[in-house]
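S.K.: Sequence:
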Amino acid sequence: MQHGVILKTYNSFYYVKTNAKVTMCTLRGRFKKERFSLLVGDEVEYNITENGKGIIEKILPRRSMLQRPMIANIDQVIITFAAVSPDINTILIDRFLVLAEMSDLDIVICINKIDLADSEELKPILELYRSIGYCVITISAKMGVGIEELRNQLSGKISVFAGPSGAGKSTILNTVEEGLTLVTGQVSEKIGRGKHTTRFAELLPLSSGGFVVDTPGFSFTEFENVKKNELMYYFPEIAAVVHECKFNTCLHLKEPQCAVKQLVTEGRIQEQRYHSYTEILAEIQDKKKGF
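Residues 1 to 291, numbered by full-length UniProt numbering, are exactly what the sequence shown covers, in order.
Please note that the accuracy of each hint is not assured.
To be verified - Simulated DEER-style distance windows between Cβ atoms: (1) K123 to T265: 20 to 28 Å; (2) P236 to M24: 38 to 46 Å; (3) H275 to F247: 42 to 50 Å; (4) K142 to P236: 42 to 50 Å.
Since the hints were made in silico from the structure, they are not lab data. Virtual Cβ for every residue (Gly too), placed ideally from N, Cα, C.
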């Protein structure tokens, strides 16, 4: 049997890469009966049929999975935002970070269009996320600034780019890897966000080794699978001190002797991050109540 990785799926066909060859495969019937959903990034074993196509016989265990967009076996998520046009949104960055933390992946924050930004206004945002421990890369895909650093970060890894429309993800990938011709779009002046130029997830080979995935952009995030007493652990700076709270059931809202609230008051946990935490927590609680 051949071994490969799924680059893309389309109309129940799976395009599987083995070395330099890509084979169009179908899924063995027993998997369909089990309603198993194959994802981009899944590693499979398949047999070649007489017509040169393949039939997937075995699906290897997944090492990791990003929930939204759903992609298997990736090493890191590159959370991509524009510094301006559309303006950077730290609350939305925090929401994407929670989803990435849930998937237990390495996280890189990539800020594009720095050539258009006021560096002094951008500096506190960069320092905030770096102080938490996140890797932050600043680039201008249009001007080529920071692209080599990003290439080095991607080399030899399977990386997914995720972020809102208008951040320039497709433009970044076209710049990182010569030969890619991903369709790009302009940010709408009326609605302040970009058009969706990527229609489905696809795993793209890099000449330096590894893969990147371009995904449909989206501008909102939901937390249906997050429990209210788990959310705190997806904010690293909060997770580090929750054991210091008096009550082990503390949600860090109105409870007395809360270490998290104390550190917010002292400025050791940024108020903006705490606001993101309480806002997401309120959404989770409202959904549990059926609102």
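S.K.: Each hint needs a verdict: does it hold in this structure or not?
M.R.: Right, here's what the structure says about each hint:
Separation of K123 from T265 is about 24 Å and conforms to the stated range, judged on CB atoms against 20 to 28 Å. At roughly 42 Å, the beta-carbon separation of P236 and M24 lies within the given 38 to 46 Å, and the hint holds. Checked against the hint of 42 to 50 Å, the C-beta distance between H275 and F247 comes to roughly 22 Å, which is inconsistent with it. Remark: the range hint 42 to 50 Å for K142 to P236 is contradicted by a beta-carbon distance near 32 Å.
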